[in-house]
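Colleague: Listed here are the chains, written in short residue letters.
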Amino acid sequence: MKTEVAPAPVLPAPVSTGARSGSRWMDRLFRLLCLAGALAVGVLLALVLWQLLKGSRLSLHEFGWKFFTGRIWNPVTEQFGALPFVFGTLISSLIALLIAVPLGVGTAIYLTDLAPMRLRQPLTSLIEMLAAVPSVVWGLWGLFVLMPILRATFYPLLQKWFGFLPLFQGPIYGIGLLTAGVILAIMTLPIITSISREVLRSVPNLQREAAYALGATRWEVTRIAVLSYARRGLFGAAVLGLGRAIGETMAVTMVIGNTPFIGASLFHPASTLASGIANEFTEATGDIYLSSLFELGLVLLGVTILVNILAQIMVRAFTTAETRRVA
Amino acid sequence: MIVTSTNHRFRKFKSLAMNGLCVVCAFLVILPLAVILFYLIQKGASSLNLAFFTGVPKPAGSVGGGMGNAIVGTLELLVLASCVGVPVGVLGGIYLSEYGGERLNSWIRFWADVLNGVPSIVWGMVAYALVVLPMKGFSAWAGGLALGFIMVPLVLRTTEEVLVLVPRSYREAALALGLPQWKTIVRIVLPTALRGIITGILLAMGRVAGETAPLLFTAFGNSNWNRHLAEPIAALPLQIFSYAIAPYDDWNRQAWAGALVLVALTFCLSLGVRLFSRGRFQKNT
Amino acid sequence: MNLTMTPEEIKTAPGRNVEQPKAAASKPENRTAPAPGAAAARPFSALSVKNLSVFFAKNQVLKSVSIEIQAQAVTAIIGPSGCGKSTFLRALNRMHELIPTARVEGDIRLFGQDIYGKDVEPVIVRRRVGMVFQKSNPFPTMSIGENVTVGLRLNGVRNRAMLMEQTEKSLRMAALWDEVKDRLNAPAVSLSGGQQQRLCIARALAVQPEVLLMDEPASALDPLATSKIEDLIRELKKDYTIVIVTHNMQQAARASDHTAFFYMGELVEFGATPQIFTAPKEKRTEDYVTGRFG
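Protein chains in written order, with the working numbering: chain A, 61 to 387; chain B, 34 to 318; chain C, 8 to 301.
There's no promise every hint is true.
[What the hints assert, rightly or not] Some chain A residues judged to face chain B by a derived CB distance under 7 Å, without partners named: (1) L93; (2) G97; (3) V101; (4) A192; (5) G307; (6) G357; (7) N368.
[Claimed, not checked] Dumping the calculated DSBU-like pairs for lysine-lysine here, alpha-carbon to alpha-carbon at most 30 Å: (8) B:K45 / C:K142; (9) B:K169 / A:K114; (10) C:K142 / C:K235; (11) B:K47 / C:K125; (12) B:K45 / C:K176; (13) C:K188 / C:K235; (14) C:K125 / B:K45; (15) C:K65 / C:K142.
Quick caveat, the hints were computed from the structure, so don't treat them as lab data.
Think of the CB as a built atom: it goes at the ideal place given N, C-alpha and C, for glycine as much as any other residue.
With the hints as extra help, turn the sequences into a complete structure.
Modeller: Structure, rendered in structure tokens:
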């Protein structure tokens, strides 16, 4: 950290007692203002919970618990059940994690232990650039480039080789759960990689040296001294990625097909909580329809907050334990 | 019993194989970036002309028109969002850094990080309930508010992180000279950290510039120029979205161009700034 | 030139407990070992260091060090901070190579075999030359027993009975067996600092190294634990060659047979411990051991 000389402070004029008590008043005011800013965090949290609860009051009252187990979402008959959206969210996020976690952890290993020193910063910056690509751009590319390629080449192969599994049966539309999962994987790679990298970096070097001194090969050192040591933190990174995947809206909306669906085929179009809201909010006619969408939002919020709390606890617990130990 | 390494060759091979796999992983992670930049330029660059930047959308099905209103709309929304996000976030960051007990502060930090994980569409719903419903219409105010909500925890955390780096001795010297605490912060600490704070703000702006979901039912989009803030307003990500899912080829083509402009905008905000400030405040090594 | 010793070679290595001296009639050619049985009587070089220089980028940390480390004895390396003693130790099992800018010139031979030879792999050297660190570093996700056997399992030993036997043997050698024998499955981090260090010693011993390097092994321990470690070293030297770096001169005087004094990257003096401490030949050595600097 480089420090630079502070700009010359502007000294106040010699104070009289009057001005001094004035500045004490200013001190208090300023402190209050800043406190208000900090407490805004709590205010925002309360606000979002309150507004969503308020908005979904009607549908909570109407459907009760059946909302969460209901499989039918029919605006015409005003039957609203959230299960298809929960299903779509879960499956697409799971697919995303299955792809992104191994890739992300592998890349993190490369960046912390294997890559030449000169490459590490540039590669890290490239991954940050990946995180800066907006969701709608991924959706655009997914819809016009990735989906046609997958539909033409990869999916038929999957069906040919693994068609005995119900996962890969059924007509191949192109848009659907699997494509959404792949796009989500690409979008969660940056966060999983960068958190994993932080976690692996905080493993003390002394552990690696212990393994080297026993005559372990480079991979064995990574396996014994780094990965198993860091597994809690890595799990936290995966959960953070899950939290990100659950909340992703635009890219998913553009490639998932927006059809409430529960079933085994990964090629089938589906809907997630976020994509359902995005798709239908502006067309919601009728109070109960809108209220049900708010309730979907409530479910989405609840799940995301829970997952994020879990992830924050895990990653914090791991990295602060390490910095404390080193210090 | 004697220890001789009979499996040495196998271990060596396994080490090389697994390490090779990690290199492949790194390659696969970087690959999408190259791919998307390639496609953006290939499909979008040719559509970038003066008309694109200054025109407005033509009716569905006809060729031509532009996204001028969307680009300006995004900028307007960024300004509105900053009016909410910057004051609240910076003041809150100052509190965490300069005042506050350890316990309260760690709670606030924790919940700010959790807030950062709230899906952006949810903020859109909040802004809908708070602004659109009472106003009985979509507006730039609503869109700006939704984006502002997203900016608050971002700016708060980055401001705090930068302020904490200012050496303690600066504050102590100022206080010892008789400056009251608020003046110490405003005249000494903040100016020292100013570049870092601005970096954090620009980063947050880069993040919200690319957000579409919260604008879907707040700003809503507009096929013409926005005349006053109580009207619906076009935004670049919104326009890209509606053009992309539409069945008109010309609109699809323009969606790519819009995406290229959007990515250029977010990259500049998110990264150019970070590179610019890296020399002064090395937060990450 | 292979660096893995066959069972015959290890049995006949000088300094090992040789049960049937007569059975070691056949010996490999490239060894300069005297006839077994006579090994205990004649001093013999385990590590032969000639003109060792170590550079980190442009910075030369060790300047042309030459020294003969005797087998079945304890050699202490002393000197003020920054004199290069840890660097020297790490050059002996090629651990300095973990730092990308490190470069080595010179010759180090382990029982006659060049450890820096062209086809010699660090992994093999490190199995034959073990190391114990200043701060104990057992693997926290493994139990006590797993920590001891990790080196063996890496080398492909799967037989449960063999692993148990080696676990007990190594823990006994490290004077830890009695304290942990009924809780081998407990996590390694549940032990005290001194116990953890002895566990690390047991872990290093389990792979049956020929030389044991110890980098200030007791500096993080209380006096009681320290004296246990020193007793341990005295026991171990019957079977192993030990090189110990220490900043504690009294410890060097208590525990070692030979002492080398390093200063500013050079080996200033090397000799029998009593001589170094009572009648040093060099002025710099005398100044250091009498506490005039350092």
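Colleague: List, from low to high, the hint numbers that the structure doesn't satisfy.
Modeller: none
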